[in-house]
Structures are given as structure tokens and as C-alpha cells.
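Next come the chains, spelled out residue by residue.
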Amino acid sequence: MSSTSVVEIARASRHTALVRITHWITVLSFLALLLTGAEIVISHPRFYWGETGNSGTTPLFKIPIPASRSTVPSGYNYVMPDENGWSRYLHFEAAWVLVLTGLIYVAAGLLTRHFARNLLPAPGDRNWGAFRAVLAKYLRRAPPDPAESRVYNVVQRTAYLSVIFVLFPLVIWTGLALSPAFDSAVPAAVDLLGGRQSARTLHFFVSGLLVFFLIVHVAMIAFAGFWNRMRGMITGRIAAASERP
Amino acid sequence: MSNISRRKMMTTGLAATAGVAGLATAARLARRYGLIPPDGSGIYGPGETLTYAAQRLLTHHSLAREFPRSMISKTPFGNEIAPPGDAFKRHQAAGFSDWRLTVDGMVAHPASFSLSDLKALPVHNQITEVACEEGWSYIAEWIGTPLVHVLDAVGVLPQARYIVYYSIEPDWWESIDMADALHPQTFLTLGMNDGELPVRFGGPLRLRVPRQLGYKSVKFITRITATDSMKRFGKGLGSASPEAGYAWYAGI
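Order-wise, the sequence lines are chains R and S.
The numbering of the first sequence is the working numbering, which starts it at 1154 and goes up by one.
The numbering of the second sequence is the working numbering, which starts it at 48 and goes up by one.
Hints are computed from structural coordinates only; laboratory data are not their basis.
In this text, a Cβ means the ideal position worked out from N, Cα and C, and glycines have one as well.
Hints may contain errors.
Partial chain R-side listing against chain S, Cβ under 10 Å, derived [claimed, not checked]:
{"id": "1", "residue": "V1225"}
{"id": "2", "residue": "R1353"}
{"id": "3", "residue": "L1355"}
Here are the in silico distance ranges between beta carbons for each label pair [claimed, not checked]:
{"id": "4", "chain 1": "S", "residue 1": "H196", "chain 2": "R", "residue 2": "P1340", "range": "21 to 31 Å"}
{"id": "5", "chain 1": "S", "residue 1": "A63", "chain 2": "R", "residue 2": "V1180", "range": "17 to 27 Å"}
{"id": "6", "chain 1": "S", "residue 1": "G132", "chain 2": "R", "residue 2": "S1223", "range": "12 to 22 Å"}
{"id": "7", "chain 1": "R", "residue 1": "L1187", "chain 2": "S", "residue 2": "G142", "range": "26 to 36 Å"}
Input sequences plus hints: build the corresponding full structure.
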């Protein structure tokens, strides 16, 4: 291996193996959770606030779709196929994969100072001005400058830290609060959220925020150059040259 | 190949070997301490085993949340059930006076209890929530005999690991492990909200397991069996639920 090629590879390296592997495992388990979560919602597409709620009580809101159970007053004369059995099995298995992967990622991220180096906004960027400057650039639809393919800007850093340390912990907490056995051991898990039905409604909304992140994330990757960014997250290396031909 | 990548390969190899050995040890320990659920095989087996084992280590003796009387639901929701069979209709016509609960299997003294026999045992009440796997819930007061008193009366043998319970309706049966069977809130329920247990809610006799989802609380109970293994029951998956695609352990 010649010395020049080593320099080239080093210059273009982007993501560590740990980040890439945990990223894609998280993608797979999140998609499984999303699909199965939607399936489970279809069996009772009504949401409540407080401790209890059922077909005999007033919902906070309902999703205007037919339900997979005939007992739900959905307003439709059609009952969707019931897919809850395997959906529930897969939901909880994927949740375990996501939680264990997340724990490994966070532990390794702290040990290798990944968060401090790559995700915590630089001291000079911790203000609204820096944040607004990046947003303004996005709104102008200005192509990312080459430096941005190697380091995250302040908006990206804030978004990723929020997903890792706010949204995922919240979606795990609100999900755990729906476990009657877990609640028997840790009643505060559900009581602090305002009751079982509040926890279910919050679980739904936090999942919605994660879906919103996913859509923006994929859209921004398409904008920055989809295949090069994909190559970065799969092989760990990106093309060193200009990204948008 | 450089030294660094060789070291990396050796580290990765060692880590993989340690991982496999660790998993094998964990599986052996889980089996020894009864932490693998009856439906703990197949593609969803690892997830189910992790859930059940974690819950057993965390919640062995914990109590389901109880609520003040003011939180009892004005509109409890009795889930849809199949039209009752002839056997049930005969009992209903007779006011359930001949309803009996048979207890057999790994017990010292197999016995049969009438509803008044059960009422003669210590009767307790609890205000707990029924949570359905679909997402809805309600709170009610449940009045009944803790299952543990019936198991004590028949002398359940120490090697029993599961209590299997059957509805009078065909193909409706479940099982729970001893942690849930001996749990003080697991009731053979006879009454609800200061009255008799309505048929819609499982009357005359329902086994309430408040630390698990509603589908573990089977309605119209006529038989209980103690066993050390679920292999000989149905397809060996623990209850009718896994045979219909639903998890055996519903504490989640």
C-alpha cells in the first residue's frame, strides 16, 4: 500500500465502523417498530388522555381510518385485517434490538468522545446566530460546501443530539409505561406521564416526531448527494471531490 | 497486512468468541432459572425471552397499581366474546348454582369447588386497571379469592411451575408461571364494583391477572391444572394465545 493512497483514504474517511453498524441496525429496528406500531394502532385508532379510555369514553382525537376490531366505533362499515399477533412479537423484539444497540452506541460514544468531538456544537456555534445562519443557507438551497461533508453543522448536531438524548429516551420511556408488569415495579414510569392513556398518546406523538426527523434526514441526504452520503454510512468513506456534479 | 489490522482482527475474533460463549452461558442460566417462556423459540424467541426474563428479575413480587374508588370507570368496556355455548347457557339458566371449579394436576388433593366454596375462602378486593393489547383500558373494583388460597387448599406440589386455566368455552385457555399464580392480586374473581361479576365481564368466575394484559384474564373458568411443563398442553407453546399468534407472556 503506497503512502499517497493512505493519505487519500484518511482524508475521505467519514464514519467509524461502530457508528455505521449501530446506525443501520437502528434503521432496521426503527422501521420494524414503525410498521408494527402502526399495525397495533389500527386495532384501536382512538387516543385518550389520563389513566383510562375505551370505546365507551370520549377520545382526545381519533385517526379517521377503519379499525381492525369490530368493537371500535370507527364510523366505517369495514373491519381491517387483524395483524396484532406478529406485530406485537416483532415490536418488542425490535425494541430490544434498538435499546441494546443504543446502549452500545451511547457507551462507545462517551468512551471515544464521539459526542464531544462530533456532535456537541462548537463553543462558537452555541448561539442563535450560528443556528440561523445555517437555516438561512438551507432555505436558500445553497449546496453544502466541501467542509460540511466531513463535519456536522450546528443544526445537524442539535438535531442528532435531540434524537439520541431526547426523542429515543422518551419513546422508550413512554413505551415501557405501557407494560403493566413494568408499571407494577416502577409505578412512577406511568404516573409521571399522567396515566396509561396519556403514556400511549405521548408514545404515538414522540414516534411521530421521530418519523418527522426521518423524513427531513432522508430529504437532506438526497439534497446533499444521496449516493455519496450512503457510501459514507456504508463503507465509512466519501468521495473527497465535490459532491454535486 | 499491517500489525494494526492483524491486531484488529484478533480483537474482533476474541470479542466474537466471547460473545458466543456469553450467549451460550446466558441461555443455560436462563433455562436453569426458568427464564425462558414456553413460546421462547422461533424468530421471536429471543425478544420474548429477554422480555420475560427481565420482567421476572424485576417484577417477581411487585404489586399492580391500585386506584382510589373515585377513579373506577363509569363506562367499563366488556370486550366482545363469542356467543356462549350450550353448556354455559344451561348454567346461566340455572343461575350458575351448579358452576364448579375443578383443580387437578400436580396437587396433593385434587378438588372441586362450588362458587360458595370459593366465597368461603378469604375474599379480597382490589381496584385495578384492565389494559387490552389493543390499547384501551378501564378501572374496576374486583372482588374474589386470591388464587393462592385455592392452591394452598389443594396443596400444590413444589415441582409445579405453571398453573393452566380453562374457560368453559372450547379452545380458551391460558397459563401463568408460579410468580403470577401465587401473586396476591391474582384473583379468582366473583364480583365487580360491589355486585356480582356480570357475564359480559367473565361472570360467574374469571381469573384476573392484573400484571398482564387483559387477554390473560380468561372468562368463565371451570378448571385449573398445576404442571411442571407446558409441553403436553396444546401445541406446547403455553396457551391458546401463542397458537393464535399472540405472546404467552403478556406483562410485556
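**Violated hints, by number in ascending order, as checked against the structure** = When the structure is compared with the hints, numbers 3 and 7 turn out to be violated.
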